[in-house]
Structure formats: structure tokens, C-alpha cells
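Model the placement of chains Z, B, A and F on the given structure of chain G, informed by the hints.
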Amino acid sequence: MTELRELARRLLSEGTVNAVLGWEEGPRGARPAFVTTPDGADRLIFDHRCVHNLASYLSPRRPHLKRLGKVAMVLKPCDARAVAGLIRETQVPRENVVLIGVRCGGVVTDPDSDATLSEATVADRCRGCPDREGKLADHTVGTAGPGFPGPSHRAQKIEELAAKPADQRWAFWQAELEKCVRCHACRQVCPMCFCDRCLADKTQPRWIESSPHARGNMAWHVARAMHLAGRCVDCGECERVCPQGIPLGLITRKIASVVAERYDFRPSDDPAVPAPVGTYRMDDPQEFIL
Amino acid sequence: MTKIGYFPGCSLHGLSREYEESLKAIVAGLDTELVEVDDWSCCGASSAHGTSHLLAVTLPARNLAIAESQGLPEVLAPCAACYARLASARHEIEGDTDLAGHVNRILVRDFKNTVKVRSILEVLKGQVATIKAKATNPLKDLKVACYYGCLLVRPVEVTGGYDDPEDPSSMEDICKAAGAVPVKWNRRLDCCGGGMSMSRTGSVVRLSAAILKDAKAAGADAVVVACPMCHSNLDFRQKAMQQRGAWEGDMPVLFLTQVVGLSMGIDPKTLGMGRHFVSTNSVMARTAGTGSGAGTGTNKATAVAGEVG
Amino acid sequence: MARIGVFVCHCGENIGRTVDCHAVAEGCKDVPGVVHSVDYKYMCSDPGQQMVKKAIEEKGLTGVVVAACSPHMHEKTFRRAAAGAGLNAFLCEMANVREHCSWIHEDREKATVKAIDITRTIIEKVKHNVPLSTIRIPVTRRALVIGGGIAGIQAALDIADGGREVILVEKGPSIGGHMSQLSETFPTLDCSQCILTPRMVEVYQHPRIKLYAYSEVESVEGYIGNFKVTVRRKARSVDEEKCNGCGACTQVCPNKKIPSEFDCGLGKRTAIYVPFPQAVPNLPTVDRNKCLLFMNRAKGRPDTCKKCAEACEKGAIDFDQQDRLITEDVGAIVVATGYQLYTIGKDQPKDNLKGYGEYGYGTIPDVIDGLQFERLASASGPTSGKILRPSDGKVPKRIVFLQCIGSRDPQKGMEYCSKICCMYVAKHTMLYHHKVHDGVATVFYMDIRAAGKGYEEFSRRAIEEEGAQYIRGRVSRMWREGDVIKILGFDTLEGEPIEMDADMVVLATAMRPQPGIDVLAQKLSVSYDQHGFINEAHPKLRPVETNTAGIYVAGACQAPRDIPDAVAMASATASKVLGLFANEMLEREPTVARVDEGTCAGCFHCERVCAYGAVEHKDIKDRAGNVVRVIAYVNPGVCQGCGTCEATCPSKSVELQGFTDEQIWSEIQALGV
Amino acid sequence: MDSTTPATAGGFEPRITAFVCNWCTYTGADLAGTSRLQMASNVRIIRLPCTGRIDPMFITKAFERGADGIIVSGCHPADCHYNAGNYHARRRFAIFRELMDFLGVDPSRITFSWVSASEGAKWRDVVNDAVTRVRALGPFTAYRNMVVVQATAPKSSSPEHAGEGEGLPMQSLAADGVAPGASKEVTA
Amino acid sequence: MGSHEHSRNHSGPEPLAARVQRMTGLNPACCYQCGKCSAGCPMAAETTLRPHDVMRLVARDRLDKLADADGLWLCLTCETCTSRCPNGCDPARTMDALREIFATGKDGKPPKAISAFHKSFLAQVRAHGRLFEMGLIMSYKLGGGPMFADVTTTPSVLARGKLGLAPHNVKGLDEVRRIFDACAAVAAEEEGR
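In order, the protein sequence lines correspond to chains G, Z, B, A and F. Take the first sequence: its position 245, counting from 1, is numbered 245 in this note's numbering, and each next residue is one higher. Take the second sequence: its position 194, counting from 1, is numbered 194 in this note's numbering, and each next residue is one higher. Take the third sequence: its position 326, counting from 1, is numbered 326 in this note's numbering, and each next residue is one higher. Take the fourth sequence: its position 132, counting from 1, is numbered 132 in this note's numbering, and each next residue is one higher. Take the fifth sequence: its position 118, counting from 1, is numbered 118 in this note's numbering, and each next residue is one higher.
Next comes chain G alone, as it looks inside the complex (with noise of 0.2 Å):
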């Protein structure tokens, strides 16, 4: 902690960044902050509890970030892959931030607990996670727990879903998407959902129906499933903040294990790897292709 406080006050008093994006202490656990001044660098903190994925702050639909020119964020090794995603799509210039890494063995699955670190409390992205600290980050600072072994919870109940008969699956995610009320926080806090204007928002046409009703749903989640294939990072985010608890995870996490069997790819930290939708090989599986 003292070292991550004392790098972000050097760079801030050395003028390096003109803010640092990190984790402080809230009223009800930890929470995002921007840290502007040197002295301010002392209110940072990084513990089990900072789950946020940050990378969705550097988003150039964040204006106001953008105004404070170059910054410094608090990097996980599963927030890098974000980071780098942003520099493969051209949304962050490399260049202009500045990435302090630090050692991860896992995080929490809700913020606000005062749980501690646990396999009972573990969020289930941390499960399986080979990361302890970020490739691409420019400072690396902390230690690291040991992490926490497999399988995922979801990997899990994803099988379960894939064995069951079609039907059943049809009705578990009817009954799940009926409750979507296209709050669209799971767009709002995604690091790579970054459009200025959403597909869901245009009208003319509309592809995705506007009112909450499960028709629209599917083609919104349909929608942001495919936009997401081969880029998702896997932070967990939109089904942290889904606030009707739709178990969004089970979607995304699906299509990165058809990505990864597939087309042997997973989401990489290095900015250089080509993201596996919109690139091709000539041999690439065709079994379902008449």
C-alpha cells in the first residue's frame, strides 16, 4: 500500500500525470477515486475489496476524464486485458496513461462487504485465474495471495444449462429476461462497450425494441453478446451492477469458451493480439455449415 501510495504521489508531484485512478475507502467499502493532488495519493488504497474494473473510466465516453489529460490508473491483471482492448480498438492512446500494476490474488465479489477473501466470497472471475500481476502495466507494486484454483461456478452451471433440453433452457432465460428493465448499466460500466451511440438507441432502424419485454431483451443481450465476442475481458462488471440480478456472467463467459475452443483464443493483455471476431483463418471449423 505505502509503495502504490508513494509512485502515485512521485508521479503526481513530479507532474508525470495530472490524476490517478484508483480505489479509496468509502462509506460502504471501497469505491472508485481520482486522486489529483500528491497528498491525496495517501487516500488510495488496494485490498480483496477493489473490484471495479477501472478500464471503463479511461472510455472516451468519459469526457471529463479526458479533460484531465494524462492520468494514472491502478491496474489488476484482469483490468489490463480491459486496457489493452481499449489500445487494440484505438480508444486510449498507449501513451497516455500511465499504468501502475498491482499484484492480485483475488477479489471479493461485492464491493461493499467487509467479507474477507475467501473461497466462499472470491468472485467467481478469480476462480481459475493464472494472473497475479498485468504484462502490460508500466509500475508493478504490491504482493500478491496465492489465488484461487477452479473450476468457476458459472463454468459450472453453464454445463449444467448445456445439458439440459432446449426447452428448459429457453424458459430459464425467459424467466431471466423478463426482468430486464434496460436500465443498460450493464452497457454503462462495461470497459468495452465504448460507442457514443448505441446500437440499442438508434432508430432508424431499430433493431432492438425499446420496451422492456422479453422480445426486446433477447435482441438487446443477443446484441451485446455478439458485439462482445472475442472482446470481453471477463471483469464481471455488468452482472456486479445488473440491479435485477440477471445472471449476465453465464452469457458472456459461454461465448468466450466458444471463442477459446473454437479459435484458441483468450483474452490477452498484449494490445498486439488480434481479437479473434474480424480476423479469419481459411480452415477455421465449418461443422455446422451445410
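Honestly, the hints are just simulated from the structure, not real lab data. Just so we're clear, the structure is a prediction, and the values are computed from it rather than from any experiment. C-beta atoms are modelled at their ideal positions from N, C-alpha and C, and glycine is treated no differently. This list has only true hints and no planted wrong ones.
What follows is a set of in silico ranges between Cβ atoms, one per label pair, in the way DEER data are often shown:
1) G:Val273 / B:Arg297: 37 to 43 Å
2) B:Lys621 / G:His153: 48 to 54 Å
3) F:Asp70 / A:Asn128: 54 to 60 Å
4) Z:Asp141 / F:Asp70: 44 to 50 Å
5) B:Lys314 / G:Val273: 54 to 60 Å
6) G:Pro212 / Z:Thr97: 44 to 50 Å
7) G:His153 / A:His76: 39 to 45 Å
8) F:Glu14 / B:Gly579: 53 to 59 Å
9) Z:Thr97 / F:Ala188: 20 to 26 Å
10) G:Pro212 / B:Arg3: 35 to 41 Å
11) B:Gly345 / Z:Gly219: 24 to 30 Å
12) Z:Gln242 / B:Gln469: 34 to 40 Å
Rough simulated footprint, nothing fancy, chain A against chain B, three-plus residues with beta-carbon under 8 Å:
13) 116 to 129
14) 635 to 642
15) 659 to 670
Among the chain G residues that face chain A by a calculated CB cut under 10 Å, a handful are:
16) Ile158
17) Ala223
18) Phe288
19) Leu290
Here is chains Z, B, A and F on its own, set in the frame of chain G:
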């Protein structure tokens, strides 16, 4: 000490026991321990291969399955024929899930096909530096014709390509490390007649004699082999070649392990030098006096050969 | 408000027999926006077209739907008719009720319902059609030809003779290519140099050809009609302006033992050299890897030698010359980079190429390839045209030719047939017999492929009149024993194994594209196959075009080709180029993508999926000139109109004209329950 | 299979929307016509320049608008008029198909095929097979009726499940903690 | 040609090429008869069927011609043919499959000596789990092998301590026999085709 699984095969416990004797004699010096596959059974050889594909895969698979259950990651099969059968079985099971299922049902084992099969060349090739270092009695003037035959380096799909199938070099490298001088010759990949020694001796005589003649023309003092079947055809059958007028003279035929053993100064008797049909005395004479204790070794070998001859 | 006219065609009985055309016309009348709906026997006939024109004029139509045959049949016809009546051609669309309906169904009722569906779908689409106009792009009427072999020479001469300027870029020090290495050519046995040299000189002297020899294409930007090409003029270390080609420098060069590339290693050259006497341009080049002065420089030692510079009266030797980059604007590019031969050695450029261990991996000295034999047989070659074997200079009395080495061999070489080997092997046996009267030429072959004018006659002559021994079968192994080469083969016609002694063996090795073709193809954004051959746009109908508009392909870089093929292709590219250059402006269908600058997020997914490199980055600046956003821009000159970008764009900020989301959405809506 | 009564299923004719590329499949369908190959009349073709132009949203929209089945068809690999559009489409729809399957849409409602300009007969077979397959699946009312919140599972073949929803599987999943919250029990 | 057509095996429901392809996973039609296999075959001078002949006869459905006793059984399984084949055919594996077809005895017979040797060899392995060489020599001679060919050399073999006089039985004999029985059952099934 590296441990490696060991599949002797029937020949090394029978007609070619000098191959096993010399192998066991040199591995200690190479800091290697052979862990024999428990209760191993015959690989099926060319007879299973010529009769039933399934049999030719399942018999080797039993041995690989046992090795797997012993926790052995790799198994050395010094006999080139056993190596070919084991490695082929491994390769075929790997590429054919139906066959893998079939084999597992017959064996009633949970065989995962994880064991790699290694030839003697592959194993010794990795030890060239050690062989060179341990060669207290390098075979300085011994000109050897390294004979690969058919099964050691091909097909590449089965061998994994540890050596070039058309222009191999591993045996020459090993012999060089032992101080011998490999000659350049042309028939080192030709077939000796293989398993037809008993059933079609005439063919074996024709093919093996051509090999020996070429080795002789290239100036070789001895032919080096790594296969009991090749050894028996080239050594044991020399008499038949002479009788049929296909070959004159005596060409000693040595196992590669014996060449390495001699260079290490191991007692020729331990290496089974006396078990050959064609006397190896000329070889011993050539290597005499080049290293410590070689003289006595040579004498002993001569004595042994004399006894049985 | 849309005013759509619907015209239903009976096509005689073709549509009318199964579809109730009148019912279709009636069924479309109640579609909102339709103000006119009629049926007629033959819509494509003159009176039919008049009906359309008249309705446009009288009813003030804003869109026309012709329910008739496939748009591939008559879309142009009706669009022209609409344009004739003053309606933008792209406001007219066809509903395919013949091929997709009346011809494939028998049930009249069902077919009529379907025809109405189809027509209504297109009506909904047309409501969202917008007037489009043909795109016009200016054309720079100069061409670039890459490769100075016979194909490149022919293309350059034809284009230049057609009145347009040509830049000819050749990688090596001289043009002429492989043809300049050949002795005589099949099937006429005329001297290769004799027919080629005049053409080379013509290139050099042509007022409209700018020759850049010893140069390579560095980069290519732009699109059809508007390419910007950067050429790297490699340093020859010789001042072209000063040199008079006297050759004094090459005489004094002390390093005389360098294997000559032109003689395929059979002859020697100096470090400063002219590759062959007829070279164009006739300029020496310093091989900096072999020149003593440069070798010393590389080791940090002071300059020594300089014998060539001392011998040069003109002071043309310039050891400090640097590579120069030159930019040229051209409107079309011809790729004619030619071929190389497969080598049988152990080191191969690709995993699937293995070389031939059974033939000694190229280590047997008297086993040579076809081009080496050409040099032996050539009067200007290292042996002055005598057939002498490389190992000891003796005349080989028994010569064996092996065909299909590396060709038709998916295991170790190429699966394709190299096409020219059958013919040049037949030629080689003849040249051999002409020069070695008591010699025996034996050929191991699989098939004799002599499909060409005079080819079969030629190969029969080699066998029937000149005594070549043809054995049908391949050779399993080959090795050297003493000074003979032992050959283990099989005669499949006799059914006998053959063990044969030869004094020399000539391998007819496969033709492959030049090394580095992939890099060049990527620079040009043209596609190539797994072997590296440049892909033609269509194997039958567009054989000399590539998938990138404005780039053409000639000769053996497209597939194995003989000289007549390569020359024919080259002339074909020239005619394509001259056709393109016939007008100052190029007209293009307006089916291209456009970016909505207001909503583009600049993620460039479109750029990644564009097969043509049509997507560019565009800076959006504020009033002070600062770049505030970078967004995508589709170059209409390059876009081919596939629409993959639009399907990929997450925010739907790019639209393909003629197939916009709104148009397709309307079609899907129209099919609704 | 769908939640339709057996009586309507008997006379059911599926509506199938086909999204095809202009150069291969559309031309192949033209050839089927020129060759007078008779086929089922249930398919309505929407012509696109390339399979690369086909957006998954087209398919969800078509289902919303009442399509019971979809055909997506274009040029064979290596034959794309635009070099690579079909390769991009292949990846896109490989993923889309698995997504729809995961969401409970029977993948056999969506047919993917490569039909070249010379494969008129193949186009006929693709059409006929798709019609037969989708006819057996029954109308896809489950999709277009999603707007009316319904608890009816789309594919319960057993009549006792019709109208009362797939309460059991949902509850069992909910009990596992994946789907917290009870589903609304509103009948169509 | 008439007799050729006449002698083609039309009785079986499955053409030979298809049968071989099913057994080997390789398409016999791949052979373009270049003869490189036969050029390298060490037995080309002795056998009546060279590898490329075999490939041709399989493609032409000529099981009758493939039955020649001096054909397939002279193959040494050296795999030179396969390793040099330019077109990825596998003549060695194809001949394995054919011998397996013939081993059932329905369509043809291997030469007595070779078949006796294989039978004796496998019998030893089935009996003991490993090869008992002395037993093999005895059983081979009794089973039809040339009676006196090797008798002269056997004593010298014994003198060098090379031949064991008693067989070694492996502990897992049950398993070895199960393998033999299961493969025999599969062979019987194949014969039924």
C-alpha cells in the same frame, strides 16, 4: 540419475542377449537407470503385424498401459522391431479415438496413451557428450558402417522425427563420440530381410549380402546395428551367405551399445562380445592398447570367442 | 411520401403460367405508397419499357418495382429505362418472381402468394432507396510493371507502345529474367538470347519506359487509378550517368571466384560484375557482400583495394552511394515477378517442403537442375555450350533426366504440375543428343504432358527421331559410387525394377514463385495461394486481374507458365491497363460504404474486416485545428461494396449504399406476419 | 415440438426467411429456377451483396417478425466475390449459432449453407430440408410472442406442461442460486 | 479384357477399395502409379506383386489377382514404399490390410512357410506371453516350415548361450489371451462381410 522405462522384448532375453548385456553395462556409466516394464509381454512383432492390425496395436498397447500405470513418462525399446511396433501402436491410438476405445475395452484398462516410446538412437543421441567424456578407451582406428535398416528412423510420423529418415546421422554421432570413424556408405537404410530369416532364407541372404558388400567396399572394419533382427541376419546368416556364394570373408557385426561399451573400457565379456557368430577379434585387435586396461579386455574377449568358436 | 409504381411481368407464359400476375398487381395496390400497379405480357419489351417510362412521367413516381425475372437478367434494362424517364436509376429495383418463384413451383395459389410477398418486400426496400450517382475517380495514366523478365518486358513494351508511360522495376542488376539464361526454346529450338535481346534493348531505348533495374518496390499506397509507389533504388556503387559500360572495372577485380547467379553456380564472376554480356542496362554492380573493400568496412577496417575505381577512366565507381527512395504516381500495376526452381536440399523455406534425402539432398555434384543444364547447353555459358559435368569436366555419356521432382509431390514438394518440365526435358534430350552424339539420354517420367501448339510433335520427335529413352516410373533412390551415380528406379510399363548407372543426372524441379512474393503481395493487398502464386480474380473470366482493382498479373508468378503463356498474359494485362487508361475518369457502381461521422466511435473493426484496405483513418479537428477524434473513412475508390464493415460495426455507423440497414430492415418487416 | 396444439401443427407451413449473397447463392437459386427444379414455396429470399453483410440482428428481427426458420447462405470458402466476406461471416455465425442454442433456440431453425452459383440442385435440397425440419419443429410463436410475457415453454411436447410453464427446471436452477427471484406467472 | 472384366469380384457387396479404405482410412485411388514405391522395394525382384501393382489391383477390385502366394507375403514391412510415396498413399498399410483380409482364409492363402511361421510365432506368444524361441523353432518345423533348413545352425546357437531351454510365462497371461481372443472375434466378424 535419469530414470527411463525399459521394454527389453523377447530377443533381448533370447537370441540377442548380448544386446541387453551391453546395454545394461553402459547405462550405469551414462547415469541412467532402466526401469523394466512389469510383466511385459511380446509386442507381436511382424507376425501380429502380418496377421491382424488390431492385434498388432493391442499387444504393444498392453505394455504401454503397464508402463503408464508405473508412472513412466517414456519407455526405451532397444530392439528396433519392438520400437517400431510400440511407437506405431502409440501413434495409431493417438490418431484414432475409435481404435483407442476398442483397445481400452479389450485391455479393460484406463489407458490414456501418455507414454512416449524412445529408440536406442534417440536415447543415446541425447547422451553424446557423456559418451564422449566417458570414452576412456576411444576406438580410434575402428572404421564402422552404421546400419539403420528400416525401422529406426521411419516413418517420421511414428518416430516424431528425431532423425532425418533419408539421411540420418544419430548413429554416426554416437559412434564418433565413442571414438570410432563412421564410413560413408550407401546401403545403411536398405532392408536386411527382416523377419524372413527362417521362412525365406534366400531373400535374406541376397539382401544382407548386398549390405555387407557395400560396407566392405566403403572400408568398414565392422557393421554397427541397433536391432536384434538385423544383427541376426547380418551376423548369424553370414555362414549361409558364404555357403550360397553370396559373400566372402567375415564382417564383425556389433551392437551400438557394444561400441559404446568398448569405448568406456568395459570388459568385452560383460558386453557379450563372445556371443557373436562372426568373430569380433579383429575389432578387439584394432582397439587394443588405446586405453587403460584395454589390453586385458581384448585378451579376455579373444579367449571367450575362442572357447565357443 | 413515396410514390411507387409496380410493374408485374408475365414473361409470356413463363411467369403467368404459375403466378396469377394480375392478382399480384392487384395485391400490391393497397400497399401504402404504391400509386400505380399493373401487369403486362413482356415488361422487358419496348412497349413494356414505355409503360414504365410513361408511368414515371405521368404519375411522378419516386420508385419503381419490376416484378419479373432475376435482377441479374434485366436490372440494367429497367434501370436504364427509369433513367430515360428522368428517375434516378438506383430508385428502380426488381422483384424476382420468375427464377425464384414461377419456375420452381407448380401450385398456382402458393406461387401467387409468394410472388406478392416477394414484390411487397422489394416495394418496402425501394421506399428507402435514395438516388445514387456513379462514382467518378481520376486516373493517373502511367503504369508500374514489377519484374523485368519476359512477361514484364512484354507488358511494359505493349503499354508503352499504346502511348502510356511505364515504370519497369527489376530486382536484379539486369532485365531479361530466366529467359535470358535459356539456351534454346521449345518447340522451335530457336535461340533464346537471339529473340530476347532485341526486346530488352527496345525497353532500354523506349521513350516512354523508365527502367529501374537493381530496384525493389518498397511500399504501395492508394487504389485503382491513384497508386503511390515508393521504389528503392539499391546502391550499385556505380554512377549510372558517368559509366560508359567499358567493363575495365570487372577486368581488374581481384575477387574472381564468386559463383555466378546467372550461370546457376556453374560459372564464376567478379565482385564488381555485369551478370552477362547482353545485360540491360549494361552497368556493372558492386556486390557489397563479396567486394574486399566492403568486407573490410564491415569489419571496421580501412578501405583497401579500390582497383576498380583506379581502372575506371570515368570515375564512375562510388563506394559511398546510398540506396535511394523514389516515389512514383501510377494508375495501374502489373505484377510479373516470375519464378524460382525448387531445390532438393535439406534446408527448405517451409515445413511442408522437405527436400529429397533419397536423391542426396543436393550433395551429389553431378546432379543438377534444369536451369543449370540450360547454362551448360548455352553457347554463352560456362562451358561454351559443351555438355561437361561439373565434378570432373568429363562429357557424360549416360545422362538421366528425372521429371516431376518436387512437382506432383504433396509429401515433399508441391502437389501441382509444373507444366513446362515435360517439354524442356524433351528439349534437353535433343540438345544433349545434338552435342553428344554417342551419348544416351534416359528420362524417368510419370506422364508426358505436351498440350500446346507443336508440343506433342516435339516430344514425339525426341523419342522417335532423336532416340531418347523414356522410362515410365519414378526413381526411389540415387547415390554416388565412385564417379558414377547409381539410380534405383522402376519401369512400370515393363514391370521391372531398374538399377542404372549414370554419369550425370538432371532434375526437372518444380516451379515456385519467387521468394518474398508474399511480402510484395501484402504490400499490394493482392491475395495469393498456399504456394505463394498470386491469385487471379477469376480462374476463367478474369485470368490476369487480381482481386484488387487496378492490379494485374502476368507470367509465372501466377502459376507455372511457359514463354508463350507468359507473353500472352503480359499482352492481356497491357490491354487491360490501356483499357483502364482510355478515359481520364473511372466510373464505379455506387454500391460502396459510407461512414456516419457523427456516430463513428473509431474502433476500426471495419478496417480489420475490410479485404481491400478501403478504410482509412480520418482526423476530426476542432476549430483550433486540434485532433479531437479519429474516425473511419471509406475510400469509395477502393471499396468494393461487400458490406462486411456494416455488419461488423457495433454502432451501425457505416452504411452500404443500396443495401442499407434501413432497406434490409424494411424487407424483413415486409415479410412479417 | 413447439407449444402448439397438434391440430394446428398438422397443417402448419413454416415461414422461412433466407439471407443470401448476390454472387453465389442468389445466382445458384436463379440456376435452380432456370433448371426448373421444383421446391417448397415457403422460403423468401432477401438478397445481400455478401454473407459478410449479414448481421445477426437480421435473424433476431426476422424471428420477431414471425419467421419460423432462417437460411443463411453464401459462397463456398475461397469463392467469395469479395475475397473474405464469407470467412468473416463463418466466424460470426459459428458464435451466433452457439449463442442461440445456449439461449434455448433450437439451432436447427437456422440453416447455414454454402451454395455456389452452379449448385442449383443443392439450393433446392437446402430449401426442402430446411422446410421439412422447421415444419417438424412447428411455428416459432414462442419467439414472436415474447412481447406478451408468457410462462409457456416453447417446446414442451407433453400437453400437461402447456400453459403452466416450465416451473420445475427454473426452480431447480433458482435453487442452485443461478437465477434468484421468482419468475412471473402470467399466462398468455 | 473380356476375361479381365469377367474375373472381377462382383459378388461382395463392398468393393475392395472401399473395404481397404475402411480398414486403413486411406483412399487407394490416391495412387497415380508412378512406381517410386516399387523402385525402392527390396523384394521387387522376387515378388510377383510390387507395391504399385497392389495399389492398382485394389483400386480395380482385383482380389483374385492379389491372392498370389508369391505376392503380398513376401513383403518385409520395411515401409520404404510408404516413406518415399510422393502422394501420401501408404502401400505398406494397404498390404497389411490385404494380408488381414486374406488371413481369414476365405479369399486366398499365404504361402505355407510364411503362414506357418506367423502361426507358430503367435502361438508361442499366446501360450507364454513372450516368444519362446526354442518352442518357435520346434513348432515351426512341425507346422510346415522347411524341415532341415536351420537344424544345422541350432546347436551353435545353443552353444553361444543364446537360446533359453524353458519358456518364461508372463503373469498377465489371461490378459494376453483375452487380446488374442478379442482380435480373433473381430477377424471373424470381418470375414462375415
